[in-house]
Structures are given as C-alpha cells and as structure tokens.
Amino acid sequence: MTAAVNPLRSAILALLLGTAAIVVPARAETIEVTIDRLAYAPVEIEAKVGDEIEWINKDALVHTATVKGGADVLLPAKKSARLLLQEPGSFDYICRYHPNMKGHITVRP
Amino acid sequence: MTIRLTTAAAAIALLLGGNWALAGDKPTDPQIAHIAYTAGVIDVEAAKQAIATSKNKTVVEFAESMVRDHESVNKQALDLVKKLNVTPEDNDTSKALSQAAETKRSELAKLTGADFDKAYVENEVAYHKQVNGALETLLIPSAQNAELKSLLETGLKLFQGHQQHAEHVATELK
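The listed protein sequences correspond, in order, to chains A and B.
Just so you know, numbering that gives the first Met the number 0 puts 103 at position 104 of the first sequence, and the rest follows in order with no gaps.
Just so you know, numbering that gives the first Met the number 0 puts 51 at position 52 of the second sequence, and the rest follows in order with no gaps.
The set of hints was computed from the structure by calculation and includes no laboratory data.
What you are looking at is a predicted structure, and each value in this text was computed from that prediction instead of being measured.
All residues carry an ideal CB built from backbone N, CA and C; glycine is no exception.
There could be a bad hint or two in this list.
[Said to hold, decoys possible] Below, a list of computed lysine-lysine pairs in the DSS-like style, where the Cα atoms sit at most 27 Å apart:
#1 B:Lys117 x A:Lys57
#2 A:Lys78 x B:Lys109
#3 A:Lys67 x B:Lys56
#4 B:Lys156 x A:Lys67
#5 A:Lys77 x B:Lys173
[Claimed, not checked] Computed footprint of chain B on chain A; a stretch qualifies when at least three of its residues, placed anywhere within it, have a C-beta under 8 Å from a C-beta of chain B:
#6 59 to 70
#7 90 to 99
[To be verified] Computed footprint of chain A on chain B; a stretch qualifies when at least three of its residues, placed anywhere within it, have a C-beta under 8 Å from a C-beta of chain A:
#8 68 to 76
#9 160 to 172
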C-alpha cells in the first residue's frame, strides 16, 4: 500500500512545490528573536518586507513586542508569536509590561 | 506622611540587612525561599488594593503588571521548592516584612484619589528598592542552591524593571 501511494504523493508534491516556486519567487524569511531573562536577542534585526519575525518567549512572564503607535504583539509566557513585516522603515520596539526591554527592527523594501 | 514612609523603609532595610549580620549568620535556602515568596505576596496584595481603589489608568495598569509578574515568579518559586523538596521556613525577616506591609496597607486604606495614587506608587518605588537591595547584598549571595540563586537573579532583574517603572509612574503623577 505504501509503495502504491508514494509515487503519487511525490508527483503531487513536485507539482505543488513547482507551482509554489513560480507563484512566489521572493524568498521570505522567518527571523527568530529569543526572549530570555527580560531581554530580546538579538536586539537589532535587519529584515525585508514580506519577512516574518518570530519571538520565542522563554520566560515564565508575559511580554509584548510593541512599536509605539504601531504593531503590538502579545507574547504569553513560554509561547511564541509572529509578525509579518508589511512596510519598510526603522522601528524601535519595547515590552509594554517591562519598558526597559528594548529592541530595534530595520525593514528594507 | 513622608517621614513615616521613610521610617518604614528604613525599618525594612534594617530588618533585611541588619538582623542576619547581628546574628552573624546567613539565611538558609528554606528561609530565603520564604522571604522571597513573602515579598512577592505583599506586592500582589498592595497591587490588588490599588486596582480596587485607584481611578487612574496608569496606576491601575502598573498594579496589574505587578500582580501578573509577582504571581508568576511566586509560582516558579513554589514549583522550585517542591522540586527541590524544600519546605520554606518562616523567619523574623518574613514576619517583619508582613507586619510592615500590614501597617502600610491600613495607612493607604485611609487615602483616596490622587493622594492614594501618589502614596501607593511612592511606596512601590521604596519597597522595590529595599527588596532589590536585600536580594543583591544578602539573599542572592547567601543562596546555596544554583537554581534558587538563578531564580533570585532573574527576579532581581525583573524587580529592578519594576522599580524603574514605578519611578516613571511617580514622575507622571507629579
């Protein structure tokens, strides 16, 4: 049974991957930022429009990644969350609950 | 009022710093765990009083942060003592902290509005300063267990942030 299904699945996968490669030529990346003991690491990140940032909160505390007047990502304890970067610019961000936690994102077009 | 606040802070400093020095003995891990846990509970209770009393959005949000963070750290502390099979041990420092907190709570209960907000936030600055001082100079250096020491160090970093946050709220209230 496995032998019968596998070639078919491979063919479908090849088709899907092939199609995907044509439709989305740009390679969007996921950039990981770890939070450990009330600090973002790395503090500085460089990205481009279409990339995603994933904050991985290792603390047992609730944090946020908040741009003043902009994005506000809630990061529950021991959980992670993502943000899709939709516009270029240079953004300072902080944790709303722990304002001494600071980070910076540069988004290229 | 200000004099009484300062006196209370000095009394706590004396109790946290002085008692052990006089006894010529450092607190044990079960005592340290009890002191740290008690200090957290006190701040959660103070925050709950503020949430119930204050009408100021900044003050209430600050107090909510205190509940969230101190409850989380205290949960970690309980998980740790359970894992290490340690029983937190009541001691004179914990008792003095609780007593000072009760006095402060009844003082604050007589205040309302901007007077309450100011007194609560000023006490949060003083209280975190005292507890951070005790963590830095006595509790962290005395802790024997590596995991307990590490939890206290994370706590110190967090509570230094709380102190800054409280100082910031205090300047906003002026």
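Status of the hints after comparison with the structure:
1. B:Lys117 x A:Lys57: Violated - the C-alpha atoms of A:Lys57 and B:Lys117 are around 34 Å apart, more than 27 Å.
2. A:Lys78 x B:Lys109: violated, 42 Å
3. A:Lys67 x B:Lys56: holds, 18 Å
4. B:Lys156 x A:Lys67: It holds: about 24 Å lies between the C-alpha atoms, which stays within 27 Å.
5. A:Lys77 x B:Lys173: violated, 37 Å
6. 59 to 70: holds (count 3)
7. 90 to 99: Result for this restraint: holds, n = 4.
8. 68 to 76: holds (count 5)
9. 160 to 172: Per the Cβ count (4), the hint holds.
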